[in-house]
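Dock chain one against chain two, each of which comes alone in its own frame, and use the hints as you go.
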Amino acid sequence: MRRLALLAVLTYPLAFRWRYGDEMRALLDDEPPRSRTVLDLLRGALAAHLRPPASLGGVVELDDRLRASMSGVLACWVAFAAAGSGFAITTEDAPFSKAGNGHPLLGSAHAAIQILAIVASLALVAGALPLVVVALARARHERRLRLLVSLPVAAVITFAGLTTVIGLVAHGQRSQATTGSGIAFIAWGLAGLVCGAVCVIASRRVLFLMPVARRRLFLAFGCGAIITAAMVVIALFTALYAIALSVDVPGLAASGNGPLHPTSVTISLVLQLVVMLVAASLAVTTTRRGWRAVAPRTARS
Amino acid sequence: MWYYYVVRSISERSTDVGLLVLTSLAEGHKHGYAITTDVEGLSGVRLGPGTLYGALARLEGNGLIEALPAEDRRRPYRLTGAGSVALEEQLRSLDRVTRSGLERLRLAEIPR
Numbered sequence: 001m002r003r004l005a006l007l008a009v010l011t012y013p014l015a016f017r018w019r020y021g022d023e024m025r026a027l028l029d030d031e032p033p034r035s036r037t038v039l040d041l042l043r044g045a046l047a048a049h050l051r052p053p054a055s056l057g058g059v060v061e062l063d064d065r066l067r068a069s070m071s072g073v074l075a076c077w078v079a080f081a082a083a084g085s086g087f088a089i090t091t092e093d094a095p096f097s098k099a100g101n102g103h104p105l106l107g108s109a110h111a112a113i114q115i116l117a118i119v120a121s122l123a124l125v126a127g128a129l130p131l132v133v134v135a136l137a138r139a140r141h142e143r144r145l146r147l148l149v150s151l152p153v154a155a156v157i158t159f160a161g162l163t164t165v166i167g168l169v170a171h172g173q174r175s176q177a178t179t180g181s182g183i184a185f186i187a188w189g190l191a192g193l194v195c196g197a198v199c200v201i202a203s204r205r206v207l208f209l210m211p212v213a214r215r216r217l218f219l220a221f222g223c224g225a226i227i228t229a230a231m232v233v234i235a236l237f238t239a240l241y242a243i244a245l246s247v248d249v250p251g252l253a254a255s256g257n258g259p260l261h262p263t264s265v266t267i268s269l270v271l272q273l274v275v276m277l278v279a280a281s282l283a284v285t286t287t288r289r290g291w292r293a294v295a296p297r298t299a300r301s
Numbered sequence: 302m303w304y305y306y307v308v309r310s311i312s313e314r315s316t317d318v319g320l321l322v323l324t325s326l327a328e329g330h331k332h333g334y335a336i337t338t339d340v341e342g343l344s345g346v347r348l349g350p351g352t353l354y355g356a357l358a359r360l361e362g363n364g365l366i367e368a369l370p371a372e373d374r375r376r377p378y379r380l381t382g383a384g385s386v387a388l389e390e391q392l393r394s395l396d397r398v399t400r401s402g403l404e405r406l407r408l409a410e411i412p413r
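First to last, the protein sequences are chains A and B. Residues 1 to 301, numbered by our numbering, are exactly what the first sequence covers, in order. Residues 302 to 413, numbered by our numbering, are exactly what the second sequence covers, in order.
Bear in mind the hints are in silico, worked out from the structure with no lab data behind them. The structure presented is a predicted model; accordingly, all values stated were derived computationally and were not measured. By construction, the Cβ of each residue, glycine as well, lies at the ideal position given by its N, Cα and C atoms. Take these hints with a grain of salt, some might be off.
[Unchecked claim] Computed, partial: chain B to chain A, Cβ under 10 Å:
no., residue
1, G349
2, G351
3, L353
4, L357
5, L360
6, E361
7, A371
8, Q391
Chain B on its own, in the form it takes in the complex (with noise of 0.2 Å):
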């Protein structure tokens, strides 16, 4: 039971990474670093060192990333065909419910 709720917690955080990492790597490919810094400028959150590669590994594993060859130990990497079709799926998804949320919101009149 703690074994199932543990994952779900990881994996319901990993998924949030994960597009994080995947819209960085839609303007080209980057390394760690660069990863790290872009996606705090796009969304305010700094990943630690765990959590990126941890999405980054799981992100290859289902082939939406790829690594380039290594640059000194620093290794780029890539979207993929696949992970541009993710990311565009997910971003379009998100699209709909951020359009929805703002017009219930707006409709609902919920005094503030």
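Bound-form chain A, shown alone (with noise of 0.2 Å):
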């Protein structure tokens, strides 16, 4: 139960973190926690992230503010992308391509969904390859950050093995979606975010490790500025073809979907739309609280 505080602890917010972090860490010692002491501290941070205490303002050095922004909006970024495979897994089959050249507002959204994914991982790729190049310069003469470094390679790695060896087993049975396709699937979605999330966790530690020149951070907080921004029209975009595809296609939207079919076309694009505007909205707040920071900055020089 302690891991689990301790844990829980991380989920506050950076600058709650580095003023009060010490201090609750030595409330656990103190009190052994118990699952009460590990809901109390999540709500505690829920708390700090809608309503950040006024006392917190200075205490996150600049380049450390990016730092948390930038993983936070990686992190968000992951989410998205995950609900993102979800929507084009969905829309990728004849009928809606169908739908989408019958119904010029289904065409115009999928097509304006799929531009801006590609222009918000370009994003991704502009701001974090400065990062990777540094990352991976100092990881010569650094232990841990080698090891840190090579985490993310060996899942992506893994993850890509993974894909190509269900997609070689998809392609010989193409015609049957059997119980055991829909497992398989299933398996690959949940290696798909456990990639994501050692992904995400250990270029965040790396990030905070390593010293960056400051016009890098720049850079890559403004790539994560316009992922942020490409989220949230995506989201709306998203929103906008479940809503014409429910109307102009009842028929297909009703139909079944997912592994197994568990749920209808709606229900599934629905709950990837919620995945969605929970990520776009936690991008927008940490890119806030990023902007915050260098916002000041700008207007003195």
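Right under this line is the structure:
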């Protein structure tokens, strides 16, 4: 339970953790935590995120605020991309393309989502690449960094291997949607989430461990802002697509979807949209916090 | 809308917790664990670390308490002048409400 409580402390905003983290951990040493303690910490973390205390302004240095914002946006993008992959898989079949051709709103919403996803992915590469170069250069000399840098690489290679194997198996039995293929699909999705989580956690640790020139941080933060804006607009277009599909092609919207067809297309799209909206809201929050730290400096210069 | 209700419910609860913490610190400076045990003795409420440090952060932000130099990892807090005034005002207001409530209950003669 103590380990869980310590993990719950990590869910607090960076400034809160820096100011009160040691004291909270000392309190957990004084008083063995119970499940109620963990819930109380999670509730406190939510409150601190929704309404950051005024005393915490300026606790975090600009560079670290930018690091926190960037890794926050990356985490949100991973969750958003998982939901986006669900959207892409849901709407990839021929009936959806046909519906898109027949109904301009559906077709343009789908195209806009794809274009924005490409823009956001390019922004991710543009922002991350300079930081990856610095991390790789430093990892040659520092063992701890080397280990942390290799984690996301190993996770991505494992996931790519798994995807290839599942793709080959699925290609072999193209027409049959069996229970086995459904379970394999779910396992693939979970493996993707674990891979994403490893990438996010390891890259955050790397980002906070290595010194980075401020201009690189500004560049990455700017790219993060573009990704955030893209997330918001993609979520809006996804909502538009879900509404248009339900209105214009109700038969297709009500058809079964997902591995083993547990839900309809509409319910799948709504679930994907909820994940997208939550991820986009969190990304907006963390980007705003970064911007609040950056804006006074921009105004002074 | 949901954001408003979540923030409001948190604010209402934190006001009560803030009062308990201020009352505890009226006795002298204390660190987190000492405040928790004192508040439990005062009110029977055991504050979790999340609730306690949420209240401490808000009270510190409002200038009602201040942190003293840390002893090991434990940092004691004490009331500021503004905190002392705010606590006195809140306690007097509570006292008025308590007296009026008890008086009204006495006069209402509600069968028990």
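Hints breached by this structure: Structure breaks hint 8 only.
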